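Sequences listed follow chains A and B, in order. The first sequence lines up with residues 1 to 160 when you count with our numbering. The second sequence lines up with residues 1 to 193 when you count with our numbering.
Hint data in this document are derived by calculation from the structure and do not stem from the laboratory. All values reported here derive from a predicted model rather than from experimental measurement. Treat the hints loosely; a few may be bogus.
30 Å max Cα-Cα, derived DSS-like pairs, lysine-lysine [as the list claims (entries may be wrong)]:
hint: 1; chain 1: A; residue 1: LYS57; chain 2: B; residue 2: LYS58
hint: 2; chain 1: A; residue 1: LYS60; chain 2: B; residue 2: LYS105
hint: 3; chain 1: B; residue 1: LYS90; chain 2: A; residue 2: LYS128
Stretch by stretch, here's where chain B covers chain A in the computed footprint (C-beta under 8 Å, at least three residues) [as the list claims (entries may be wrong)]:
hint: 4; region: 26-35
hint: 5; region: 53-67
hint: 6; region: 122-131
hint: 7; region: 142-152
Cβ atoms here follow ideal geometry from the backbone N, Cα and C, with glycine treated the same way.
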Amino acid sequence: MGKFKRSTGGKGVGRINTASLPDVVFMLLFFFMTTTVMREVELKIDVKVPDATQGKKLEKKSLASFVYIGEPLPHLRATFGSEPKIQLNDSFKEVDDIQDFIAQEREQLDEVERSKMLVSLKIDRDTKMGIVVDVKQALRRANALKIMYANQNVDRIRGL
Amino acid sequence: MAKREVQEINAGSMADIAFLLLIFFLVTTTMDSDTGLMRRLPPIPDPNMEQPEDQQIKQRNILEVKVNRDNLLLVEGEIISFSELRQIAKDFIANVNESEDMPEKIDRELPYFGLVRVPKNAVISLQNDIGTTYGVYIAVQNELLAARDELRDQLAMSSFGMLYDDLDVDRQTAIDDYYKVPISEAEPKKIGG
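Input sequences plus hints: build the corresponding full structure.
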């Protein structure tokens, strides 16, 4: 027993071997790397998507463009009011800007994939249908016909 | 000379690097699960092209689903609760008994099924008020899609022994044609309270 010397000559009580700490942290890191998605857009609005049971998974994220509709976040409410607003990429836009947005998104896709472009509508569940209908009409005019109503999958819709 | 002990790399800073990377990922990513109800919008009719005469669809072929601004559900003129909507839609699409007030059916030759009776031109018409809440609108869409998906899964299981999603495209198309009842949305109006 006397032959073993503490290799670091540590002070105080025996030190815990922390050699495996990086391993644990790397595991956590890999977990986050595989289960999360790089956030591309900073949400300026409060969006809680509705519950549904039949939601299908979005297959190719590269073909998806996102349209967000909801009330501005609390700290932005002073400047932007509390009416539901449309957010495309990082800024607030109006219904008329949707056509340009779709054209832009379309250009970023390869020729082959343009017909498969999908518009994902992430709309807060408490928004009234008026603005949703305007957006859908604008999408029809821009010929973006493949759409997806973003939702949260649940087993049973409650509260109806 | 005694062999020197192999010098161990000081791994103390590995943990720090790992923590930094972890915090970076925690901050820049989201656990956004991207699921949604897939739909197709109808194209805007070309004003230059000749429009086909609006076919008068018989009342029996349409299932009218309306939602007003108080989020009440009206089907064929009756207020019903959401829990009943799915079954009503399923009965409409499947139409087993072919009674007078249910959609017309015709015989059609389908791959994998042979000669079967399918809906002739049945349609589920969904109309909502501009004051309807989006969450409720989605719930209605969900119930209608669930009705259609459940029927498709039932048929897929009984005919092919697999769920609809696991089938190849040809079989899926055949099942689609078997229960071909589109969900069409009219322009929202003010249906009122």
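Report the numbers of all earlier hints that the structure fails to satisfy, in ascending order. Hints 1 and 2 are the ones this structure does not satisfy, whereas the remaining hints hold.
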